[in-house]
Amino acid sequence: MNRKGIDKEERSKLLSRRNVLKGTAFGLASLAIPFGTADASVWEAFFQKHFQEMNEDEKKRVVQRLEDEYAKKFGAKFNIKTTKAEPGVLFGYGLDLSRCIGCRRCVYACVRENNQSRDPQIHWITVLRFKKGEKWVNDLEEAEKYYNPDKVPEEGYFYMPVQCQQCGSPPCVKVCPTQATWKEPDGIVVVDYNWCIGCRYCMAACPYGARRFNWGRPNIQKKEINQETHYLGNRPRYTGVVEKCTFCIQRVRENPGKYPACVEICPVGARKFGNLLDPNSEIRYIIKHKRVFRLKEDLNTKPQFYYFFGS
Amino acid sequence: MKNNTILCIAAFLIALSGLLISADVNATDMEKAIEQEKALREGKVKESYGIPKFFVSPPVFSEGMFPCSQCHAGMEPNPERRELMFHTEIAEGFDHAEEQRWCLDCHNPDNRDKLRLVSGKLISFEESYDLCGQCHGTIFRDWKAGIHGKRDGMWNGKKKYRLCVHCHYPHWPKFQGFKPLPPPENPRDIRYRKLSQDETPLNPLGDNQDYEIPLSKEKK
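Protein sequence lines correspond, in order, to chains A and B. Quick note on numbering: the first sequence equals residues -6 to 304 in my numbering. Quick note on numbering: the second sequence equals residues 343 to 562 in my numbering.
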């Protein structure tokens, strides 16, 4: 039958509302698949389950896919762990404000350990400088963070490093529309970079300014990449995702586990770390014997990060 | 009939409580922690922070200084406060309760390879924390608990401690200060440079693994 032969009724059936919509939808969907790279891994990444809903097998497959992807991208063999939280562990952090000298060793040890982009620059820790005796704790935005004298500590100033406080009731988790960020049983607030859509609601919700956004393609020289990673921690990030401090999840979720990189580097020993549920831990000693405060306690975020005065 | 309803309600409640318990795994840990805390407060259990056993390295000496007896063995000990002929930089820079003390208040007069506590007990340089702890009791207590001073290793395993003298030069223990690492980029200076991977700036910390405080032993 030639085209002219289709009668009116049949033609209207062919171009029915339903068919037009179907066609458009398929057409647009096919545009979304990147040309040339539309292999199975793209589909797998697109349909990846939520991390907390994956079983061990699915996790293994995702890790394998990511390791391949990173090997192609960076020319390096990555090890991505998915170690679970240990029962009976709730991480707590102590920072001694009477010791910190503002030397920023922690900032760069963190960058090194956690593969933060060097350009555009991303730091998970910000060291703030305050004049002694001035109103300070409510005005974090107005604090000086670009100080660069010949010698620290400077007379008449004190320093306060700020990073993710791993809140007990984290406002950033509450606002995430895709549940790409959540609180683990051991108290670490983590981000799944494959589920993050980059809306930055969490950054707006965080009262500590602890989250960072990858505005550009994260860049690190190959020789400086740390290949020992955790899925929820320091594995390489993408453009347009949010990242943050994870208490070095790839180091602390081991038995025995190393201290976070910032604790290990701190030349004055101002940084302390331990298990809040273990009465003999350092952090419990601090809470019991020292003057302790939590930043912006009035917001009821219940941080697991305790600032204290050692003397 | 009545019995049946009561049974139903009881079964429902039991199931509900089971659900609640399984929902919060951490609750039992928390309870355990609270119990331990109670026992501590009531004095049933004693807090114990022993002398740590893991040191990162032996005490720091200037080259050729130790053992002290290589020079001091044949010398007559002289407790007098005086102009020293040797160790002049220590005498000049001496800034550690210098009014109250002189060499032999800490160094043992008869065997210079040892330190001496006020009690007369001799200790080696590896145990110098006992000497410091004589005056700095509260700091000593914190140090034993791992609060004062740098300590690394494993948070749930073996820890590495440092001696007091690894960070505080004993003759002028005040911290000397050093250059901070560069500040973060100010947002107003940020340009999207689109650098290639090889042009990316390096981490200013380098691969410095164990950052020690520079003990400036030179004259202040």
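Please note that a few of the clues may not be correct.
Stated by the list, open to error - Below, a list of computed lysine-lysine pairs in the DSSO-like style, where the Cα atoms sit at most 27 angstroms apart: (1) A:Lys77 / A:Lys138; (2) A:Lys74 / B:Lys501; (3) B:Lys521 / A:Lys124; (4) B:Lys486 / A:Lys77; (5) A:Lys283 / B:Lys536.
Since the hints were made in silico from the structure, they are not lab data.
Status of each hint after checking the structure:
1. A:Lys77 / A:Lys138: 35 angstroms, violated
2. A:Lys74 / B:Lys501: Measuring from Cα to Cα gives roughly 24 angstroms; hence the hint holds.
3. B:Lys521 / A:Lys124: 19 angstroms, holds
4. B:Lys486 / A:Lys77: Violated - the C-alpha atoms of Lys77 (chain A) and Lys486 (chain B) are around 32 angstroms apart, more than 27 angstroms.
5. A:Lys283 / B:Lys536: 48 angstroms, violated
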